[in-house]
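Peer 1: Chains as they are written, first to last, in the numbering used here: chain A, 1 to 523; chain B, 1001 to 1517; chain C, 2001 to 2099; chain D, 3001 to 3631.
Calculated from the structure, these hints are not laboratory results.
You may find that some hints are simply not true.
As the list claims (entries may be wrong) - Straight line, CA to CA, 25 angstroms or less: simulated DSS-like cross-link-like pairs of lysine-lysine:
| hint | chain 1 | residue 1 | chain 2 | residue 2 |
| --- | --- | --- | --- | --- |
| 1 | A | K407 | B | K1025 |
| 2 | D | K3171 | B | K1447 |
| 3 | A | K406 | B | K1377 |
| 4 | D | K3448 | D | K3380 |
| 5 | D | K3380 | D | K3462 |
| 6 | B | K1447 | B | K1377 |
| 7 | A | K400 | C | K2098 |
| 8 | D | K3462 | B | K1377 |
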Amino acid sequence: MSPLLASVGAETETAFTMPSINYYAIAPILILFGAAVVSVLVEAFVPQRGRRPVQLVIVVGSIVAALAVTIDLRGTRLVTGEGAIAVDGPTLLMWGALLVIGLLGALLMAERSIDPLGDAFAPRASALPGSEDEQEFTRRGFLQTEVWPFLLFALTGMLVFVASNDLLVMFVALEVMSLPLYLLAGMARRRRLLSQEAALKYFLLGAFSSAFFLYGAAMLYGFSGSVSLVAISDTLSAKTGEGSLVAIGIALLMVGLLFKVAAVPFHQWTPDVYQGAPTPVTGFMAATVKIAAFGALLRVLYVSLGGLRWDWEPMLWIIAALTMLVGSVVAITQTDIKRMLAYSSIAQAGFILVGVVAASPQGLASALFYLVAYAFTTIGTFAVITMVRDASGEATHLSKWAGLGKKSPVVAAVFSLFMLSLAGIPLTSGFVGKFGVFAAAIDSGNTWLVIVGVVASVIAAFFYVRVIVLMYFSDPTPDTASVVIPSAFTTIALTASAVMTIALGVFPQWLLDIITQAGVFIR
Amino acid sequence: MNFPWLTTLMVVPLVGSIVVALLPKGRDLLAKQVALVVSLATLVITVLMATQFQGDSAEPFQFVESHPWIPAFGISYSVGVDGIALVLVALAATLVPVVVLAGWHDVDESSRGSVKGYFALILVLETLMIGVFSALDVFLFYVFFEVMLIPVYFMIGRFGGIQRSYAAVKFLLYSLVGGLFMLASLIGLYVVSAQMTGTGTFDFVSLAGLDIDPDVQKLLFLGFFFAFAVKAPLWPFHTWLPDAAAESKPGTSVLLIGVLDKVGTFGMIRYCLPIFPAASDFYAPVVIGMALVGIFYGAFVALSQNDMKRLFAYSSMSHFGFITLGIFVFTSQGQTGSVVYMVAHGLSTAALFLTAGFLMDRYRGSSLISDYEGVNKAAPVLAGFFLVAALSSLALPGLVSFVGEFLVLLGSFERYVWVGALATVGIVITAAYVLRLYQRSMTGPLKPELEGMGDLRGREVTALVPIALLTIVLGVFPAPLLNVINPAVDRVMTSVGATDPAPTVQSAGLSTEGADQ
Amino acid sequence: MNPSSYVVLSALLFSIGAIGVLVRRNAIVVFMSVELMLNAANLAFVSFARMNGNLDGQVVAFFVMVVAAAEVVVGLAIIVTIFRTRRSASIDEPNLLKY
Amino acid sequence: MTELMPAEGVFSLIWLLIALPLAGAAVLLVGGRRTNAWGPLLGVLTVSASAVLGIVMLLQMMQNSPEQRTFDQTLFSWVFVGGFQADMAFQLDQLSMVFVLLITIVGALIHVYSLGYMSHDRDKRKFFGYLNLFVAAMLILVLANNYLLLYVGWEGVGLASYLLIGFWQHKPSAAAAAKKAFVINRIGDVGMSLAIMLMFVTFGTVSFQGVFGVADQASEGTLNAIGLLLLLAACGKSAQFPLQAWLLDAMEGPTPVSALIHAATMVTAGVYLIARSNAIFDVATVAATTVVVVGVVTVFIGAIIGSAKDDIKKSLAGSTMSQIGYMIAAAGLGPIGYVFAIFHLLTHGVFKAGLFLGAGSVMHGMNDNVDMRRYGALRKVMIVTYVTFAAGWLSIMGIPPFSGFFSKDEIIHAAFEQSVLTGVLLIIGAGVTGFYMTRMFIMTFLGKARWEDDVHPHESPKVMTVPLVLLAIGSLFLGMALLYWGNIETWLEPVVGYEAGESPISTTASIALSLLAVGLGVLVAYLMYQRRAVPIEAPHGSWLTRAARNELYGNEVNDVLVVQPTYYTSRWLVWFDNKGVDGFVNGSAAFVGGLSGRMRRYQTGFARSYALSMVGGAVLVVLALVLVRAS
């Protein structure tokens, strides 16, 4: 019997009974949410000049606080909010990851000493590109501070998304996570047209996909009479018939989630959005949305549809294979580095899917490890991109990276490290991740998927290596970009991600231990 | 043996390379000196270690160290050497100082990449080479196997010739293809071990202990073998080698072909055979076929090369054919021969590439045979070393390469008469292309352009002498090699369950007692 | 009448919405089609709630309405900005990002 | 039969025989120009020292009874793997003893001669280094106690010969000749390697004692195979048909080299090999017969070539080929022939060395011109050379009492014992020998002077003539000495075995016949070259002459059969490697690239097309699930 029904149905006879909620268990969500609301108020009442520092304090403070609570919660394993929220090992792990990455993302967004005009965001997103009042804003040094509440809301949404234990909460979380991101995508200070186009596409397609998700949820509800994942899985195992209803439900639900993880054929938004969005935002969402979306996907598949794995596995096999191949192949001929990394992120999603379809504890663990490793590497990668600039802003065209290794060896070295990690060379986090998912896949008998993965990795290696070739093996040209020395914000983010990339590659055991302790999803 | 010999061997060059890399810009000379000292120190340590090695010990591996690394996957940092690994480690440790000394000025005027970078990379590479040969954990081996690509990739790509980046990328991707397929089988192996013993492991000894279902073996073998065949390189997976060799600095080529590629053949005898005995037996005919083709293919192609470096590359391919052949005929003569041949080939390759490099330094860095004639007149010492190198690569009796080649041929002949006989014919073509090279470049009237080209200088001679000495001394007195290799090979033979065919006529008992029993 | 026919109706609405997204150029209209899809889902929820005899579906419908409202806000904001820059609300106009 | 004696007393120095010249070579080659002053002398000394040591050993060996004349010295075990064992060990017995003496004594003489001959060469220390290297390698060859070590010497002499043929490397012809010699010898080495392998596979050992001890137990087929493979090796080293082509080009080397390596010692290694392996050939009848055939064929090839060449050295080379043909044929005869093969080898070693050095002396006086048509009437100007050359001439023709007479006639007689045909053929061969040697002698020393204008022939210095004289004395007396005083049969019998068979014709008859044949040859030569003036331009000549001048088209045959096909294959493979193998590699890369280029076109940038593909995907997913569930 669904908890919601309990509450609503109760109204008819006796007094309204409060749903029992373990507030401490969901404290991280509450902290972030509260912080988000506060920062909205700050936008409203704190004068323009003072906003930025206040916002930064709020953002960093709240994230750190949430992180502290999350760490304190370790080992917790419960379902609260009348079964709406599941706080278990994987949830906490992903919360931790999301918060840390979110913090790094916040640092990237806070960077303002790279671009002579200020930070990465348009002073007034509503202003016409190139219009005199925009220039006015720029001259008066206005800074876009609405990004901070957006960031916090998005993070809140992600936290809920990975913890949500029924489809309704999941849907709401999905929207809370996505809507701010749509807006953030459109706020680039330079190349406004691209940025707005990215926002539009992201928004329309995102809304489109969440409609699919919702309709799928409706179908499953229709089948099982509940939106709770556990209830659904129970009904699925209990009652047969109405196969098509379940099939459509699962399928549409998948569409919504696979869209977020950018799996082929629901991936096409990714390159455009990654390229158009302000680079810090791209980094932030490339890293976090992957985690959140895969978290939800894993929960749905393992908790709710575990019984039906034989039904959805074949479909996911094909999608995983397609995702790996298409991502890798198309990336080869890209000339814009952000776009190339977008395709690379598609390919990476494919690799993670290989772990997901293993549908085993190892599969879950390997996918989680891969997500964390990938998130750190990705945010670092985009951090570097923000620093490589020429007169017109970020120099994202690959030709401008030629000979960068000669001009600024350190940054080039760090970027090469990230590339090697994404290519899955041993002693980097990417390799351990790949190793994990392949191991899980072979263990559950999907050897051929691993073969496809191997082929894809080879193809992918080519374009990762190509960047290194450009930076080191070719001589600098007149229009080779130069690296701007960033402030502490970016430096910290960059260092952290580089350190993690190596640490997880050389000594992955500690994270593996944490993941092992995290165990599986609670039902 | 409590002293962590092997770890020390790996740490010393690594530290050295860090030091070199951290030196201030412009202190190139200092960088070179540090590199030389470090590599020599490593050599000394290696020699000390080798003296501690007991050839007749009951332990399969010596100087073993083992510490858990990633217990979650049953991965441990465990190293140790048997005779085979020992000689290859020694080879690496010997060649690095030689290369450093020989390459003293190779990168002085390189537009990209700093001078110190080159030498730092060489030292890193030394660490990895020693690691890959002494790893006792298959995963650890794989890690070294793959990571090794990176420094070489940079050495080719940053310090190479015109086509360098094409060559470098081709090298890297080709090796990655092999490596990733190996990764797949590696994981498969892990999973299989998990299913058989409950807990998955990568420990070589316990993996060799399992007897895996033959059909599974046949699958897993392919992944490993493919990687090794690319590395070695075996026909038809060889085309990356000529490009890489032609584009890279002589020193790079020496380390690449002289040592790195040995990882391929080393992997076959160390991993393919003991872990997949049934599969090795099953695929032996195919492999032997590839080896035979390689022997002749490489020799024939080398016969009409006009670029010395490419010629050496193809000749190496032919030699790798011999080595592989010796491994897969499953006779102690063949396999010991292969290991000796690996060492010999390392030495002769080094001699050839370095001498050629010195020659090229003297004439616009051209590696075209047609650009040289009658060098003997202008630079007799250089020509002399060139001849020694050439002779050792055609396996002249009395040189170490002869010991290797003859044993390989003998071993093959024992098992498959016609294979052995056919392979033996290869020595004629080898002689043909080697002497053709010497005749074209060194003899005849001196080319006018080459007038007044200087002979080898002290540094260059110093670099070449040790190689030449080793080639001759080990040829006359190979016991130091054989004493350590024989026991290791016997273990391999037992692990594949193969025994040498007995002579058809039982001889008077003379000379049937091998020194290794 | 049989509530399952409402489910069929919702399916129709959903499909119409989806097709609308595919065929219409005007961003506003496309957006409306998405809203139509959401409401189709609502209809499905409600009618399933009726069929399953519990109220969850109806509760969901309320939540969805709220979310949809929020979506409208964001969506219109973005569309309007685009419109102001490009003087057109066609979603085929912004086509700089491709390949 | 023979027992192995431990190498004690003087015999503990067997290794020193080799070490001395080897050390000399090392010093001279490593020392470089520093040794220019004293280097050549050192070279002479080391070899002479070995010669003295060898003589001492000979005297010592004579003390022992014939069964106790095999001394074995094992230094250390060399190559040992599993059942395979080859030691760095030497065996000095009667057979190797005579070779040691031949090599060291003739070698020493030629070293001395070279002091004069090479006096003007700026690289002469290198020359002596190579010569020392050769002597050392040759000693290893004859002293080894197992086939693998023998192989080392075998290849070592090949290397030395390579270096010495190509000594004047600035002459492309010399370099080419050197390469040719090495490569053709390499073909012989294939035979050698395979023979050794087959021995190991059959007997489980490659040491002489081990193999010969059980040779008769192996199947005859195997033994024939081994025998033929050894013959192939011998053909390479001894320039026998069909691997004879290299010897004439080898004359590019300095004349002392031709004398020592390509007449006296190295080229006879094949004979040594066969005689040494007598235990195998005794049983392997097919192989033995083939040996005889090869020998006889080569007798004629060499003789015919020798008769047509105007180049004195090439003519002598032809004769060497032919004389070795005699030895090989004799060795093929089995126990009745081994002894005389070695006997002829020794006498030939001496008189042919003398002839070559004589030719060298002539060239020395004629500004290194080798064309006999520009010689003539040299007897007046270089009297010593004339006399000594005459001694060699008479000896090789087998005129009593010169050395060649005894050795060659023993062979012919033994040949009759095996088959009349062989005997007859060999006698005819002797006739041809008479012809070409007389032709050479007349064209060089008799008749009118046909010198070029600027040459002023003169006798060579003492340092060159003294060896000539000594060798001439050798060619006069060595035959008698070995046969009557040294009675060679009994000396060698314990090693190679000896049994006199009964011959269809009497000794006197065979002697008479061969002398008759020789006489005919001499007469023809006299008529052709003494009565008629020798034209300076070679006449067109009969087809046979032309063929002989072209070395019976041996090179052309090799070219068509071997060289051209090899290079054709090579070039084709290069093409295949670039277009085929590498083409595939690059092609697959290009394919992926093209695929990528086409696929990115689907990323049109239109949001609605993205939506479309999403819907399509959704439909597919739905269908997939429905199907799976249905199934």
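Peer 1: Each of the hints needs a verdict: does it hold here or not?
Peer 2: Hints, verified against the model:
1. A/K407 x B/K1025: holds (14 angstroms)
2. D/K3171 x B/K1447: Cα-Cα ~13 angstroms, so holds.
3. A/K406 x B/K1377: violated (43 angstroms)
4. D/K3448 x D/K3380: Distance ~11 angstroms between D/K3448 and D/K3380 Cα, so the pair holds.
5. D/K3380 x D/K3462: Holds, at about 17 angstroms.
6. B/K1447 x B/K1377: Given pair B/K1447, B/K1377 holds - Cα atoms ~10 angstroms apart, limit 25 angstroms.
7. A/K400 x C/K2098: holds (20 angstroms)
8. D/K3462 x B/K1377: With Cα atoms ~32 angstroms apart, D/K3462 and B/K1377 exceed 25 angstroms; violated.
The structure does not agree with the numbered hints 3 and 8 stated previously, though it agrees with the rest.
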